[in-house]
Amino acid sequence: MAGFQIYGAGRAGDGTQTNIQILGQALKDQGAWTFMWSNEIYSNIQTRDTGFALRASDTPIFGPDDEFDIMEAFDAGAYSDEANEGRIPPITKIKTGGVFLYDSSVRLDYPNTGHEVHIERLAEIIAAKKLRVFGIPMGEMNKAAGAVHVVRGTIAVGAIAQMAGIDKDAILKRYAEAFGAGSNVYEINLKALESGIEFAKNEGWDLPDLKLKLTPIANDGRQIMNGDEAAAAGAIVAGCRVYAGYPITPASEVLEYMAENINRFGGAMIQADSEMAAAHHVIGAAISGARSMTATSGPGFDLMQEAISAAGITETPMVIVLCTRGGPATGLPTRQGQEELNEAIFGSHGDFARIVLAASEPEDCFYVMEHIFNLAERYQCPTFLIIDQMLAQSSYTVPGLDPSGFVVDRGKLLSPEQFAERYNGNGKTFKRYELTDDGISYRAFPGTPGVTNYYNNTNEHTEDGYLSEEEAVRQQQMDKRFFQRMDLIRAEPQLPQPRYYGDSGAKIGFISYGGTYGPIREAVERLGEAGTKAKFMELRTMWPLNAAQVKAFTDSCDVVYVPEYSAGAQLRGLIQREVTGPSPKLKSLLRYDGRNMTPGWITSRVEEAKVGS
Amino acid sequence: MAASDISITPIKRADITGESAWWCVGCGDFGVNSAVQQVIMSLVNESNVPLENMFALSGIGCSSKEPDMLRVNAYQGQHGRSLPVAIGVAIGNPSLKVLDFGGDGDTYAIGMEHFMHSIIRNVNITLIIMNNQVYGLTKGQASPTAHGGLTTISTPEGKKGRPVNPLRLAIAGGAAFVARGVSWQRNELVDIIHQAVNTNGFSLVDVFSPCVTYHREPGIRGSGPIFDWYRENYVLDIKDAWDGMRNQVFTDKERAQLPAEYDPTSPEAALNGLRLISEAAKIGREVTGILLKDDSQPTMAENLGVSADRPPALADVSVESNLAGYRDLLASMR
Numbered sequence: 001m002a003g004f005q006i007y008g009a010g011r012a013g014d015g016t017q018t019n020i021q022i023l024g025q026a027l028k029d030q031g032a033w034t035f036m037w038s039n040e041i042y043s044n045i046q047t048r049d050t051g052f053a054l055r056a057s058d059t060p061i062f063g064p065d066d067e068f069d070i071m072e073a074f075d076a077g078a079y080s081d082e083a084n085e086g087r088i089p090p091i092t093k094i095k096t097g098g099v100f101l102y103d104s105s106v107r108l109d110y111p112n113t114g115h116e117v118h119i120e121r122l123a124e125i126i127a128a129k130k131l132r133v134f135g136i137p138m139g140e141m142n143k144a145a146g147a148v149h150v151v152r153g154t155i156a157v158g159a160i161a162q163m164a165g166i167d168k169d170a171i172l173k174r175y176a177e178a179f180g181a182g183s184n185v186y187e188i189n190l191k192a193l194e195s196g197i198e199f200a201k202n203e204g205w206d207l208p209d210l211k212l213k214l215t216p217i218a219n220d221g222r223q224i225m226n227g228d229e230a231a232a233a234g235a236i237v238a239g240c241r242v243y244a245g246y247p248i249t250p251a252s253e254v255l256e257y258m259a260e261n262i263n264r265f266g267g268a269m270i271q272a273d274s275e276m277a278a279a280h281h282v283i284g285a286a287i288s289g290a291r292s293m294t295a296t297s298g299p300g301f302d303l304m305q306e307a308i309s310a311a312g313i314t315e316t317p318m319v320i321v322l323c324t325r326g327g328p329a330t331g332l333p334t335r336q337g338q339e340e341l342n343e344a345i346f347g348s349h350g351d352f353a354r355i356v357l358a359a360s361e362p363e364d365c366f367y368v369m370e371h372i373f374n375l376a377e378r379y380q381c382p383t384f385l386i387i388d389q390m391l392a393q394s395s396y397t398v399p400g401l402d403p404s405g406f407v408v409d410r411g412k413l414l415s416p417e418q419f420a421e422r423y424n425g426n427g428k429t430f431k432r433y434e435l436t437d438d439g440i441s442y443r444a445f446p447g448t449p450g451v452t453n454y455y456n457n458t459n460e461h462t463e464d465g466y467l468s469e470e471e472a473v474r475q476q477q478m479d480k481r482f483f484q485r486m487d488l489i490r491a492e493p494q495l496p497q498p499r500y501y502g503d504s505g506a507k508i509g510f511i512s513y514g515g516t517y518g519p520i521r522e523a524v525e526r527l528g529e530a531g532t533k534a535k536f537m538e539l540r541t542m543w544p545l546n547a548a549q550v551k552a553f554t555d556s557c558d559v560v561y562v563p564e565y566s567a568g569a570q571l572r573g574l575i576q577r578e579v580t581g582p583s584p585k586l587k588s589l590l591r592y593d594g595r596n597m598t599p600g601w602i603t604s605r606v607e608e609a610k611v612g613s
Numbered sequence: 614m615a616a617s618d619i620s621i622t623p624i625k626r627a628d629i630t631g632e633s634a635w636w637c638v639g640c641g642d643f644g645v646n647s648a649v650q651q652v653i654m655s656l657v658n659e660s661n662v663p664l665e666n667m668f669a670l671s672g673i674g675c676s677s678k679e680p681d682m683l684r685v686n687a688y689q690g691q692h693g694r695s696l697p698v699a700i701g702v703a704i705g706n707p708s709l710k711v712l713d714f715g716g717d718g719d720t721y722a723i724g725m726e727h728f729m730h731s732i733i734r735n736v737n738i739t740l741i742i743m744n745n746q747v748y749g750l751t752k753g754q755a756s757p758t759a760h761g762g763l764t765t766i767s768t769p770e771g772k773k774g775r776p777v778n779p780l781r782l783a784i785a786g787g788a789a790f791v792a793r794g795v796s797w798q799r800n801e802l803v804d805i806i807h808q809a810v811n812t813n814g815f816s817l818v819d820v821f822s823p824c825v826t827y828h829r830e831p832g833i834r835g836s837g838p839i840f841d842w843y844r845e846n847y848v849l850d851i852k853d854a855w856d857g858m859r860n861q862v863f864t865d866k867e868r869a870q871l872p873a874e875y876d877p878t879s880p881e882a883a884l885n886g887l888r889l890i891s892e893a894a895k896i897g898r899e900v901t902g903i904l905l906k907d908d909s910q911p912t913m914a915e916n917l918g919v920s921a922d923r924p925p926a927l928a929d930v931s932v933e934s935n936l937a938g939y940r941d942l943l944a945s946m947r
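Sequence lines, in order, name chains A and B.
Per the numbering used here, residue 1 is the first one in the first sequence, and the count goes up by one each step.
Per the numbering used here, residue 614 is the first one in the second sequence, and the count goes up by one each step.
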């Protein structure tokens, strides 16, 4: 695997993110696999330090690497904790021998004014890390060319392209897409890009070690997307036609995608008044016969617990994409966390069937939506997909997605023809909560001729939906709705199966789920390369947890690391509760500072443990 | 299925009568239920609305047992949450006639968020509130509509602070239809609900439906007398308010422009209604009748680009039918 990682350190509103994204898109078009993420985005709208990062590789990647090869420093935020608030400056994450490319202008414009880079203050770290330093007076060049401040990043992209041998036309194509070929903004960026290229050329700068041997892809459909967009697209292909949601980070991109796209397929996007409302819209739409869903994060998921309980007893297919972030309460709204596993599995009062799945990268997010909707309708229960902030909001290069294989299975939802065939003229009466042999009752579309008593009830109810507190009724409905249903779900072959990586004979194991997938896979590979055999079980169905599979894996290991973004070790707790009981074999690797795991973060902890034992 | 293919079999009250509710003898809600059934029969038998297109919802409270009194497609939900479910039903399939039943606690306390936003969104549903000033199901606490001074188990020294006035909120929020009925005048109530259902947009029918068990006025006990208390001390028909209060409410200049009778469809109805509600409140009276009818505003479904002819619930979701569109969708990412 060859590749490099770039960090753009600037200030919110100075264009850092846009230019890095364009560079990433151009690299993708050239055949690279990319991963782009907001490394330092604060949950505010002030012009404070921000960092956007790009990793590019000649093989698929699913997360960040440990250190950066190149840092673009658009102001002093790259190296100083100016506000003295305990922020770790990004320059500490640049690797030995790395590249420090900075704006050497004497005076910067808003929003970077007053944060100019003083390179002389960096002598110590430059020497210690043997950094290769390249100063370009980007701000001044821009001013001379009559361009606005936010175009500085384009000069940096030009310089990097020249030094790392990235095709200029591929970059220009993406600027043309973003701003319109020939537009004023495009022309300004074109000039800036060329000035960056020229500057680096005139200085004779070159980075031979960062040149990737890439084969430009023909048109294999490879795209850049984040987990939210992939899940939203998958939902539409799976037949979702009512989306209801309330804006919340890191789930808003699902709502925005639906706002743009669902109506052309005959659907509606309801921007609800709250998550409480949104979840109930989903119930209503599902009862009307539409495939419907919402997406949210912790605080919104809290508000949805009431509706989830209602979906449980009314046996309504309710789909929720749960984009987790650091909690509790408002917590770390824009940062990584997996603190909602317990709530997804055990939240809401009352006992009822539910299904909780997890996805690990955008391609997975897309294809799993087929199963989410089919499972929700087949088992008429709340069904969730957990994706974490890194997966939800980071941009991955994803292979071409193919919608043609999706199968829409609506379970026991009767079409008008099926309803007529089943009930007309034979004395049989439709009962919403009929006790059937397989334990699943029929649903129908209100408005279907003959459907005049489709009674959904959050009170305990009889077979035909009327309120009842009789012992026998309660027992029957509870047995059907909970025990019988969970047995069926456990036996369901379409529950996403775990995926295994690494050396199957290894005695060191990892179990995890979600966006930890990329870093753990790479950690396992690196451990292997260093002579430590390891393997990884990626869980994809979190509930019901397949105890036999997990037990087989843990039994085969001497030690099982459980990396997760939760101080409370929620995944380890789940495995202990469902599979192993209290077990010294399970060792948590907990990250709860809101930052992403990297392969080295994992391997160093494994190596430390080996030394310690 | 085309409308001409549907053959409507006349229905009788028994056809749409459910398994009954836990209401006290003499409860006002019986009157509301009777009127509702009358309206459903009329819609099906006279207006050719297929019974399968009726959808009733409710939350929690005595009033929310209404779907148990009926036999129609329904959802009985949790406290305060029937309206957002109703929105989901009405957007999922705009051809359905959606009736939402609630109480004054259910809708004007715990469900207030949904009440206001349903009005503002102008979702095409009819909300029927059985307003009795108390929480009956939890044994008699004061509700948001309890009048000042009302003594209940939660207001032992009499209700302090202002009551919610749902009519005022509905008019201010821009509802398409705003009315108040009383449970003891069935024919008028039938007419009001009928007009509400036939109004395109959000319709509020707040109904005084006295609680014979927990609503206690000084010196009044039992079923009959509480109804008398409402009639004699509390309600004021909008027509009477129009005739009796125009001198206080309107200036000479305004009066010269006013029609002889209160007209809920006039462009001034919203403002006139609000002024009469306020004037009546000064003498401790609550206005009844149809205050506002204006279905000129686009509904929520129209704003979302869905309709009875294009219901999301009945969209063809097969992959084969949509494959070209799906491929376009996926090609347009980044």
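It should be emphasised that the hints constitute simulated quantities derived from the structure, not laboratory data.
Just so it is clear, the structure is predicted and the values come from calculations on it, not from any experiment.
Beta carbons are placed, not taken as given, at the ideal position from N, Cα and C, and that holds for glycine.
One should not assume that every hint holds.
Calculated lysine-lysine pairs in the DSSO-like style (CA-CA distance at most 30 Å, straight line) [what the hints assert, rightly or not]:
| no. | chain 1 | residue 1 | chain 2 | residue 2 |
| --- | --- | --- | --- | --- |
| 1 | B | Lys-625 | A | Lys-431 |
| 2 | A | Lys-428 | B | Lys-772 |
| 3 | A | Lys-585 | A | Lys-507 |
Stretches of chain B that chain A covers, calculated by requiring three or more beta carbons in the stretch to come under 8 Å of a beta carbon on chain A [to be verified]:
| no. | region |
| --- | --- |
| 4 | 672-684 |
| 5 | 697-709 |
| 6 | 775-783 |
| 7 | 795-803 |
| 8 | 914-920 |
| 9 | 932-942 |
Pairwise CB distance ranges (calculated) [claimed, not checked]:
| no. | chain 1 | residue 1 | chain 2 | residue 2 | range |
| --- | --- | --- | --- | --- | --- |
| 10 | B | Thr-764 | A | Arg-474 | 49 to 59 Å |
| 11 | A | Thr-330 | B | Gly-774 | 27 to 37 Å |
| 12 | B | Glu-726 | A | Thr-330 | 13 to 23 Å |
Hint check results:
no., hint, result
1, B:Lys-625 with A:Lys-431, "21 Å, holds"
2, A:Lys-428 with B:Lys-772, "53 Å, violated"
3, A:Lys-585 with A:Lys-507, "11 Å, holds"
4, 672-684, "holds (count 4)"
5, 697-709, "holds (count 12)"
6, 775-783, "violated (count 0)"
7, 795-803, "violated (count 0)"
8, 914-920, "holds (count 4)"
9, 932-942, "holds (count 7)"
10, B:Thr-764 with A:Arg-474: 49 to 59 Å, "38 Å, violated"
11, A:Thr-330 with B:Gly-774: 27 to 37 Å, "32 Å, holds"
12, B:Glu-726 with A:Thr-330: 13 to 23 Å, "20 Å, holds"
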